[in-house]
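Given chain A's structure and the hints, the job is docking chain B onto it.
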Amino acid sequence: MDLVESYLNAVAKALPEEQRADIISELSEDIRSEMEERQKVLGRPLTEEEQEGLLKKRGNPWLLAARYRQDHRSVAFGRQIIGPVLYPFYVKVLSFNLGLTFLIVGIIFLALRLAGQKISVGDMVSTCTLQFFIQFGVVTLIFSVVEKHLTKQPDRWHIKGMGGKFRLDLNIERDFQVRMGQACMRQARMGSHMREVSRFESVSIIVALAVALVWWSSVQSHPFLIFGPAAALFNLAPIWHQIYFPIVVLTDLEIVRAIINLVRPDWTQFRAIARVILQAGGLAVMWFAIKAGSWVMVANPAADAAGKYAQVAHIVNQCLVCICERCDFLRRDDYFQDNGIGAMAAVACGAAKRWISGQGRELTQVPARDCAKHGTWRANDLDTPASAIFTEA
Amino acid sequence: MTPGTDNHELFENLRLELRRGSLVLAVLAALRKEHYGYTLRKTLSERGMAIDEGTLYPLLRRLESHGLLVSEWREEDKRNKRFYKLSADGKEIFKQLMAEWQSISTSLNGML
Numbered sequence: 019m020d021l022v023e024s025y026l027n028a029v030a031k032a033l034p035e036e037q038r039a040d041i042i043s044e045l046s047e048d049i050r051s052e053m054e055e056r057q058k059v060l061g062r063p064l065t066e067e068e069q070e071g072l073l074k075k076r077g078n079p080w081l082l083a084a085r086y087r088q089d090h091r092s093v094a095f096g097r098q099i100i101g102p103v104l105y106p107f108y109v110k111v112l113s114f115n116l117g118l119t120f121l122i123v124g125i126i127f128l129a130l131r132l133a134g135q136k137i138s139v140g141d142m143v144s145t146c147t148l149q150f151f152i153q154f155g156v157v158t159l160i161f162s163v164v165e166k167h168l169t170k171q172p173d174r175w176h177i178k179g180m181g182g183k184f185r186l187d188l189n190i191e192r193d194f195q196v197r198m199g200q201a202c203m204r205q206a207r208m209g210s211h212m213r214e215v216s217r218f219e220s221v222s223i224i225v226a227l228a229v230a231l232v233w234w235s236s237v238q239s240h241p242f243l244i245f246g247p248a249a250a251l252f253n254l255a256p257i258w259h260q261i262y263f264p265i266v267v268l269t270d271l272e273i274v275r276a277i278i279n280l281v282r283p284d285w286t287q288f289r290a291i292a293r294v295i296l297q298a299g300g301l302a303v304m305w306f307a308i309k310a311g312s313w314v315m316v317a318n319p320a321a322d323a324a325g326k327y328a329q330v331a332h333i334v335n336q337c338l339v340c341i342c343e344r345c346d347f348l349r350r351d352d353y354f355q356d357n358g359i360g361a362m363a364a365v366a367c368g369a370a371k372r373w374i375s376g377q378g379r380e381l382t383q384v385p386a387r388d389c390a391k392h393g394t395w396r397a398n399d400l401d402t403p404a405s406a407i408f409t410e411a
Numbered sequence: 160m161t162p163g164t165d166n167h168e169l170f171e172n173l174r175l176e177l178r179r180g181s182l183v184l185a186v187l188a189a190l191r192k193e194h195y196g197y198t199l200r201k202t203l204s205e206r207g208m209a210i211d212e213g214t215l216y217p218l219l220r221r222l223e224s225h226g227l228l229v230s231e232w233r234e235e236d237k238r239n240k241r242f243y244k245l246s247a248d249g250k251e252i253f254k255q256l257m258a259e260w261q262s263i264s265t266s267l268n269g270m271l
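Chain order of the listed sequences is A and B. Everything in the first sequence is counted per the working numbering, starting at 19 for the first residue and increasing by one. Everything in the second sequence is counted per the working numbering, starting at 160 for the first residue and increasing by one.
Just so you know, the hints here were simulated from the structure itself, not pulled from any lab data. Some hints could be false.
Cross-link-like lysine to any residue pairs, in silico, SDA-like; alpha carbons within 25 Å at most [said to hold, decoys possible]:
1) Lys-31/A with Arg-238/B
2) Lys-192/B with Glu-234/B
3) Lys-240/B with Ile-49/A
4) Lys-170/A with Glu-212/B
5) Lys-31/A with Glu-223/B
6) Lys-31/A with Ser-224/B
7) Lys-192/B with Leu-215/B
Here are some, though not all, of the chain B residues that point toward chain A, as calculated from beta-carbon distances under 8 Å [claimed, not checked]:
8) Gly-196
9) Tyr-197
10) Pro-217
11) Glu-234
12) Arg-238
13) Asn-239
14) Lys-240
None of these values were measured; they are calculated from a predicted model. Note that beta-carbon positions come from the ideal geometry of N, C-alpha and C, so glycine has one too.
Chain A on its own, in the form it takes in the complex:
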């Protein structure tokens, strides 16, 4: 992918779909005409730096795309928090997060209801409201930080790097460190696309992973931290105990990597290599976790209503498999590919499909018998493949 294509792709992503092709064709023609003319003047093809220079003059692709949009909606609480440039991305991310959260919450409540639990509308409303505020708060906060950066530094972006994709230069910490703009240009001219690892990034990773590690360790013995009040009925399946140690090791290694980069921010190659290794390890662990196909189990199998709860756990497990299977669209979506979610989605999707084709049939037959015994579902419902249940849900 050449730089012009990367630039145009970045503009296209922020344009309304109905006008996208038309605007991009015209913009592409304009850019190529300008480059051709410049080549004629110089009598030689443009270098990558010269091409980048011409594109830089055109400005941030997101700002450029925003000028074409008729929709100038924004989010404001007194003052503007998220402007029209980021608004479409904000809506896309928030809708996706909320949609997925509500789907999972809905499935869990439906499963509990089918197992005979008394679920009031109030329970659902309060859970959904809480989730809404959490998601809304977190997503809005992240986007407001990006908006602030974009407003202050509209020209800090680059299209070099992995895959030649457009990136907002969001290393905010560098504002407090050094003005890297000119230094980056110098490095680009020298042919090096690597910059120093931000210390802010390293510190953030250390803090976040330390918190995650404490949570992960606590969840093993205190399922309440993940199930809430439902911990009295459900527990984590054995797979979580099996992958506990690999996850702790990977997390520790990532913390060590961040500490090393905190001391030596110039070891960018070290970070790149370590990231590849750790992410490969992470994906392998994720593959095994999803392939297990069962993540929730009944806390007390000897209890009176254990059969009913086993069905609930089974439904939750099958729904989670189906969600993983349906992650395929994330893998294909450019937006999620850019954020690395695409790779995780590919692994999740692959593992889920493998699980369904391998063990799915056997597992769907177990609750069929249980349900016939408890009379909660028709036998036909329970023989339905996992993906079909998901579609109906």
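Coordinates of chain B only, in the frame set by chain A:
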């Protein structure tokens, strides 16, 4: 922020405001003859009305949606280009805007 910087920013804002109004007239004037985006931008720039593509193309779309311009995709030099020119309504509006501009210009010249 120093008063000098304040004044400079104020001047820039007022200058942009002044230019914004005249850009529509300049674009309509240039499109009495058919142009595609890049040549239009060059023509305007050569005549002292430089305009960046992020302003020009959205403006062309807006003018077209108001029915003042017509456009068509055509192949030239083995590349597809979108050519714009004034529509019948555009010609009429342009005449009226020209008259208005000349009136403003005469008045201002008398005051300045």
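Now for the hints, and whether the structure bears them out:
| no. | hint | verdict |
| --- | --- | --- |
| 1 | Lys-31/A with Arg-238/B | holds (24 Å) |
| 2 | Lys-192/B with Glu-234/B | holds (18 Å) |
| 3 | Lys-240/B with Ile-49/A | holds (12 Å) |
| 4 | Lys-170/A with Glu-212/B | holds (22 Å) |
| 5 | Lys-31/A with Glu-223/B | holds (24 Å) |
| 6 | Lys-31/A with Ser-224/B | holds (23 Å) |
| 7 | Lys-192/B with Leu-215/B | holds (16 Å) |
| 8 | Gly-196 | holds (5 Å) |
| 9 | Tyr-197 | holds (4 Å) |
| 10 | Pro-217 | holds (5 Å) |
| 11 | Glu-234 | violated (11 Å) |
| 12 | Arg-238 | holds (6 Å) |
| 13 | Asn-239 | holds (7 Å) |
| 14 | Lys-240 | holds (6 Å) |
Comparing the model with each numbered hint stated earlier shows that hint 11 is the single one that does not hold.
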